[in-house]
Amino acid sequence: MIEIKDLTVKYLRQDDFVLALERINIEIPAGQIYTFIGPSGCGKSTLLYVLSGIIKDYTGRVLINSQPVDPKKQRIGMIMQNYGLMPWRNVYQNVVLGTKIKDGQRRLDEYGQYILEQLGIDHLLDRYPKELSGGQQQRVAIARSFILKPDLLLMDEPFSALDAISREEMQELFLDTWKQHNVTTAFITHSVDEALYLGSKIVVLSPAPGTILEVIDNPCFKMEDMRLQDDYYDMSARIRKVLDKGR
Amino acid sequence: MSSNGKWQGALYGFGLVIILWQAVAWLLKIPIIPTPGAVFVNIADIFANQMQVHVVSSLGRILKGIFIAIGLGVPLGFLMGYFEKLDKIFSPLVYFTYPIPKIALLPIVMLLFGLGEASKLIMIVLIVIFQIIITSRDAVKNIPAQVFRSLQSLGAGRWQMFREIIIPASLAEVLTATRLALGTAVSVLFFTETFGTEYGMGYFIMDAWMRVNYLDMYAGIVVLSFMGFCLFIVVDIAEKYYCSWR
Ligand SMILES: Nc1ncnc2c1ncn2[C@@H]1O[C@H](COP(=O)(O)OP(=O)(O)O)[C@@H](O)[C@H]1O
Ligand SMILES: [Mg+2]
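Here the protein sequences line up with chains A and B, keeping their order. Mapping the first sequence onto numbering that gives the first Met the number 0, position 140 (from 1) lands on 139, and the numbers just tick up by one. Mapping the second sequence onto numbering that gives the first Met the number 0, position 61 (from 1) lands on 60, and the numbers just tick up by one.
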């Protein structure tokens, strides 16, 4: 479970500061996946940097499973927009990087092998990132986080650099993998469609400085053929209205 | 470039130099430009009992100088690239001293450290280390912040940052700087070996010149060039091996 109470984040610059997030209050229960949607620059990445311990300078309270954020103690799987792979490591080394740093475990166990097969990258192990397509790189990043068996999964617009077809394919693949493990997840997106497809709840953020406009229950989550249902259109319209109103 | 293409290029360059040299030698027919054939025969004659000691001592100086420069320069450059504060302290010093022609310091170094080995090594280190420091520092600075963040979110410590990111990310640039440094080191070496020693290729070449033995002089120049070329190739192979991810 993630608890965020009165979180405010400022970026300090020479003389002044940029207010990135203002008084954010939200709880993500264990095993839930929440999508966060908001316009560019509203502080979405900033929120994930706080949750992953990269930004330590903030006011308010942030707890992961009732403990303060500490990436040395917690297992945090972070997936970034540009994948965050090490260009100088091949797929195998990239995939085991998480467990290597956390547990000193450099070998893939059975579970790791299974994840690689499920994501369809078990035949690419000796390739370097530059020898992979964007979708394949993203699968490697996802494999790395799942193999880590994280307490918390943080995803920062992970599919936005992909073309429309591989994006839907990756969303489906990710959701299938996620359903089997139910990791507590904060998923950042700027696509209404993605927010609806992947979030059990949808957190709508205002333009900078980011505040929470509304937290919406998502009836479309885990729905068969979601994009063909009336609910999907109603929900899209509703989210767009909230986003517009915040402008 | 593919490794095959590189070898073909090197072979082509070598052939061209030999042809030009041969042509000039035939056209001018003067003793200060012997034919390549005569020089190579001379190398075969004198290498084992006259040149070998000189090659060994020159090679030793270059390797020692380069290793010291890398051993000091790379860690310092890495630290400057990683810790903003260290960069603020050392960068002005490096920038200020960088454009000073260090070879002009040779008399001072010799006065302080004598005419022997120490001065020769200090000169090599002094001249190549700045390039190595600056290259290593910039290589670290150019690593995208995202790469560090993904490791930070895993709770990696400082040492792991160095091992997983900084060292592999900058190895290619450090090797390139080493290659440049080797070229410079060979020139500096030649210069310093003309004083205070009776061993080294610089001494051998100048001595042959004094003795008006042009065949020996050319033999020395060819062997010294070949030595530089071999060092280049070693760095090239290392680059190919460690930087195949590029
Ligand atoms: N290092 C920084 N220094 C100053 N301002 C920053 C820095 N990083 C981000 N910001 C500002 O903070 C705000 C939120 O940024 P970010 O979290 O990256 O937004 P998002 O991910 O939603 O696009 C933006 O206005 C951005 O300009
Ligand atoms: Mg962002």
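Mixed in with the good hints there might be a few duds.
[Said to hold, decoys possible] Under 8 Å between C-beta atoms, here's a sample of chain B residues computed to sit facing chain A:
(1) 7
(2) 47
(3) 152
(4) 163
(5) 244
I should point out that these hints are in silico values taken from the structure, not numbers from a laboratory. Values in this document were obtained by computation on a predicted structure and should not be read as measured data. Think of the CB as a built atom: it goes at the ideal place given N, C-alpha and C, for glycine as much as any other residue.
Status of each hint after checking the structure:
1. This hint is violated: residue 7(B) has a C-beta 26 Å from the nearest C-beta of chain A, more than the 8 Å allowed.
2. With a cut of 8 Å, the hint placing residue 47(B) at the interface with chain A is violated, because the nearest CB-to-CB distance is about 44 Å.
3. The interface hint given for residue 152(B) holds, since its Cβ lies 4 Å from the closest Cβ of chain A, which is under the 8 Å cut-off.
4. Below 8 Å, beta-carbon pairs count as interface contacts, and residue 163(B) has one with chain A at about 7 Å; its hint therefore holds.
5. At a threshold of 8 Å, the smallest CB-CB gap from residue 244(B) to chain A is about 4 Å, leaving the interface hint in force.
Against the hints set out earlier in the document, violations occur for numbers 1 and 2.
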